[in-house]
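**Q** With the hints as constraints, model all of the structure from the sequences given.
One letter stands for each residue in the lines below.
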Amino acid sequence: MSEIGTGERRTGLPGGEAVTAHGPAADAAAAGAARAGGTWAGAIAAEWHKLRTVRSTAALAATIGAGFVLCLLWSLYASQYWDGLSAERRAKLTVAPPTQFLELILPVCGVVLGALTLTSEYATGMIRTTLTVLPRRLPLLVAKALAAAGGVFGAGLVALAAALVAGRAIAGGRPMPGFEGSLVEHLPHLVAVALTTAAITLMALGAAALLRSTAATITIGMGLMFVAPPVVRLLPAPWNDRIWWLLPTGFPNQIAPVPGSTAGDDGLPAPVAGALLVAYVAVMVGAGAYAFARRDA
Amino acid sequence: MTAAGAPAPEGAPLGGAVAAEWRKLRTVRSTYGVLGAAFAFSLFTVLLALQLARTWDGLGPDDRALVAIRPVLELAGWVGGLCLAILGVLSVTSEYRTGMVRLSLVAVPHRGRFLAAKALVVGAVALAAGQVTTVGVFLATRPAVGDRPIADQRAAIVEELPGFAVSGLSVVAFALFGLGLGVLLRSAAGAIAGVVLVWHVLPVAVFQLPSPWDERAGSVMLSGLPAQISGRGAESSIYGELLPPVAASAVLAAYALVPLAAGTLALRRRDA
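These protein sequences, in sequence, are chains D and Z.
Taking my numbering, the leading residue of the first sequence gets 1, the next gets one more, and so forth.
Taking my numbering, the leading residue of the second sequence gets 298, the next gets one more, and so forth.
Keep in mind that a hint or two might mislead.
[Unchecked claim] Some chain D residues near chain Z, calculated using beta-carbon distances under 10 Å:
id, residue
1, R55
2, S56
3, L60
4, T63
5, A78
6, Y81
7, A96
8, L104
9, V112
10, S120
11, T124
12, T214
13, T219
14, M222
None of these hints come from the bench; they were simulated from the model.
Beta carbons are placed, not taken as given, at the ideal position from N, Cα and C, and that holds for glycine.
**A** Have a look at this one:
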């Protein structure tokens, strides 16, 4: 960049080059930001552009797509299974909802996306360029958070809704639990799953700002998500239940359970689970923002 | 050690490449991170098991029959598998991330030898770590359980040891699986996500399939294989128990070797 900006000064003093190198470039960046509507809008547009154009986002989108296909297969299989059952076994049957596979895959995607949003720039060194263009740490982190969380929330909600609608179409009129009822009844659960995924993405982003390493962030995220639950179940009562309810992957069922399911019955009340989720995000992103603002890149 | 510094001539023995890989592995920080995590978790499961054994003392006969210590001990090997798989992933992807892989391939241009050296070193570390997280945890718990006749702790140590040693071998399979996936994907994020998928997400998803597919697919999940190899069955776990020991051993080996073979092919065909 410096060579482009100082092309006409090449004949001048060698020392002058370095000093003036960033002048025109910084001016151009500032002008660009101003044109786009100030620092915030420009930062968000830049982060959205990055998110949209990197290969890992395409891989994550493909993963969510694969989850959707698995959901379709599940709905097909569940419908056929249902047809072969007697009336009394139907009454006792608990079927996983048509969105089951996506609910399993989305938090994993959230952790990976939240981590990569920041750590991929550290891995390549591009974070230095980013911070040169946008030296204020907080707007940058907020822009990253909005792009990543917004993206995963939108993609998750669309995939979940598509899986539900398709699953109900496949089930036809069969009164299977988890498939029946009006769409409006199902909506809160889908929003709760998508919101929890967005929150997990933000927590991963906060951890990424603390750790600055893709491997460490994803490993710790996956560890907390998958190792913590079985370990917590083994703790002596009453702590097994108490800590179990605090794990964020269970929040969607506590905030808004699948209509007709009893999954979230003995957990926390919905407002408490929602408040806890917000608190987790605030703590993780806050700690990440503090570290990000205090450290050099 | 000379091969680590100077380019090895074609046809040189594997020793130099192995020495170089060993030096890399033991001098990067992440190795101690994952090994430390596996070890710390093993310690934690020992404490949980001790606590469980002490709880047992205060229970009535009916409740005592329900106490099982083995599932607690098995958690250590399960987490050890994840940790060592990540070690396998990082042993390759960290070189791609920093670009050091180009230098490594200048020093060891033969792709098969390069990967074989990595597999030997990662496999050996995983073998040791795997036995610590399985056999080690079992031996550490036994004295504390003492002569309490807890339902799943009555067998003699010698009878139980082979089963735990086989569980330790699955940690090696995980490590080599991670290594193969790392070579194929050349990205820590992608390979770690893939490892987690095979390690836990897939088994949970498969467990929710309607029967008989839950049992069939659950039988070929990596973490469920050691129990089938030592003929223990999969009582109250999410895995199946349909495979005879020989078939289960073959599937375990395939988990380790198929990604490695695919990785070797990919490494030969692609430029770094």
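**Q** Taking the least C-beta to C-beta distance, is T124 of chain D closer than 10 Å to chain Z?
**A** holds (8 Å)
**Q** Given L104 of chain D as an interface hint, is the shortest Cβ-Cβ distance to chain Z below 10 Å?
**A** holds (6 Å)
**Q** Can the hint on S56 of chain D be confirmed by a CB-to-CB distance to chain Z that is less than 10 Å?
**A** At 6 Å from the nearest chain Z Cβ, S56 of chain D passes the 10 Å test, so the hint holds.
**Q** Go through the hint on V112 of chain D and say holds or violated, using the shortest Cβ distance to chain Z against 10 Å.
**A** Holds. Min distance 5 Å.
**Q** Would the hint on T219 of chain D be counted as holding, given a Cβ-Cβ threshold of 10 Å to chain Z?
**A** At 5 Å from the nearest chain Z Cβ, T219 of chain D passes the 10 Å test, so the hint holds.
**Q** Under the criterion of a CB-CB separation shorter than 10 Å, is A96 of chain D in contact with chain Z as hinted?
**A** holds (5 Å)
**Q** Was the hint right that L60 of chain D lines chain Z, CB cutoff 10 Å?
**A** holds (9 Å)
**Q** Tell me if the interface restraint on T63 of chain D is satisfied: Cβ within less than 10 Å of some Cβ in chain Z.
**A** Cβ of T63 of chain D sits 8 Å from chain Z, so the hint holds.
**Q** Verify the interface restraint on A78 of chain D: the C-beta must sit less than 10 Å from at least one C-beta of chain Z.
**A** With Cβ-Cβ at 7 Å, under 10 Å, it holds.
**Q** Can you verify the interface hint for R55 of chain D: is its Cβ closer than 10 Å to any Cβ in chain Z?
**A** At about 9 Å, which falls below the 10 Å cut-off, the nearest Cβ of chain Z leaves the hint on R55 of chain D intact, so it holds.
**Q** With chain Z as the partner, please determine if T214 of chain D meets the hint condition of a C-beta pair closer than 10 Å.
**A** holds (5 Å)
**Q** Against chain Z, is Y81 of chain D within 10 Å by beta-carbon distance?
**A** holds (5 Å)
Checked against the numbered hints given earlier, the structure satisfies every one of them.
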